[in-house]
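Asker: Heads up: the sequence lines are chains C and U, in that order. Going by the working numbering, the first sequence opens with residue 1, and the numbers climb by one from there. Going by the working numbering, the second sequence opens with residue 1, and the numbers climb by one from there.
None of these hints come from the bench; they were simulated from the model. Since the structure is predicted, the reported quantities are computational estimates derived from the model, not experimental observations. Check before you lean on any hint, since a few could be wrong.
A short, non-exhaustive set of chain C residues, derived as facing chain U with CB atoms under 8 Å [unchecked claim]:
hint, residue
1, F55
2, I64
3, A66
4, L94
5, W107
6, D211
7, R225
Here a beta-carbon is modelled for each residue, glycine too, at the ideal position from N, C-alpha and C.
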Amino acid sequence: MDYREIFSADPRLNIKQPRANKMKESYAELNVDENVVSGSDTSKKCHIPGEEGVFIFVLLDMVIFALLFGSFLFERLKNKVPYVESQAHLSVDLGIINTLVLLTSSWFIVMAIKALQVGRKNLSLIFITITMSCGTLFSGIKITEYYDKASVGMTLLTNDFFMFYFIITGMHFIHVIVGTIALLVVFFRIRSNTSGVYTLESVATYWHMVDLLWIIIFPLLYVMR
Amino acid sequence: MQFFMVRESLVWLLLIAATASTWFISSNTSSGVDFTNGSRFMVVLIAAIKIRLILREFMHVKGMPFVWKAVFDAWLLAVSMLLYTGFVII
Numbered sequence: 001m002d003y004r005e006i007f008s009a010d011p012r013l014n015i016k017q018p019r020a021n022k023m024k025e026s027y028a029e030l031n032v033d034e035n036v037v038s039g040s041d042t043s044k045k046c047h048i049p050g051e052e053g054v055f056i057f058v059l060l061d062m063v064i065f066a067l068l069f070g071s072f073l074f075e076r077l078k079n080k081v082p083y084v085e086s087q088a089h090l091s092v093d094l095g096i097i098n099t100l101v102l103l104t105s106s107w108f109i110v111m112a113i114k115a116l117q118v119g120r121k122n123l124s125l126i127f128i129t130i131t132m133s134c135g136t137l138f139s140g141i142k143i144t145e146y147y148d149k150a151s152v153g154m155t156l157l158t159n160d161f162f163m164f165y166f167i168i169t170g171m172h173f174i175h176v177i178v179g180t181i182a183l184l185v186v187f188f189r190i191r192s193n194t195s196g197v198y199t200l201e202s203v204a205t206y207w208h209m210v211d212l213l214w215i216i217i218f219p220l221l222y223v224m225r
Numbered sequence: 001m002q003f004f005m006v007r008e009s010l011v012w013l014l015l016i017a018a019t020a021s022t023w024f025i026s027s028n029t030s031s032g033v034d035f036t037n038g039s040r041f042m043v044v045l046i047a048a049i050k051i052r053l054i055l056r057e058f059m060h061v062k063g064m065p066f067v068w069k070a071v072f073d074a075w076l077l078a079v080s081m082l083l084y085t086g087f088v089i090i
């Protein structure tokens, strides 16, 4: 007889089960995926949140923006004076507000994932709504900023600084809009139970990228002199 | 309220404090004080710390395979050096 059969046949060995096994049974009774509750695949040491392809896309996007930042700095070195003069027309305070808005939105999307992981779907939907509101607020401030610049004749064609300003912030602005739409889609999908933590984590990865790109754009265009 | 008592909330507070520091440096220099190389260095350093916090704590890069961590850190190092070189060294 195999030793495993001997042990399984002995009732005394089944009296004290490890706590982990009991937890697994509880999850099975509740019909809940253990990995979803814990938020990570416990069978793996390393864990990639959401879709790995999103991380590849995010990285490529970050490289493109890094090239744009490099081009800006390279062109700036040729003639700094118009850059410094034009920069004085930007509002640092609006830039700070936008930074705070995006940081807060990133925090709420993290909390939305945490809420969904423990099965609090309604709370997660509230947090996603707050994140979307932050995205909309950022867009509103950006449009106000563009309108202010355009109303005093500062456009893409004014000089090199404003060309870079409109291209870099414009590309970032498009990312914010795309992210807000993605959040809206994932909101309805979670509400109708057609998506879960995995999809939300993928959208959150993209949203965090939007946030961290702004953290570079803000000092690059608004602060550094 | 207990739901918010997590590590990520502390990270968010740190990010807000870091942003306030950047605002303080910026407002100090715009009110007549010269933008020194020290101020520029601090602004780049604060931005780099903020990005690393977002990458590791919000995007959970710290739990990802080594290659991913290395690639994101390399990007951050490259962009920080770019900013520092563009505004301070040259």
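Asker: Where does the structure disagree with the numbered hints, that is, which hint numbers, in rising order?
Answerer: 2, 4
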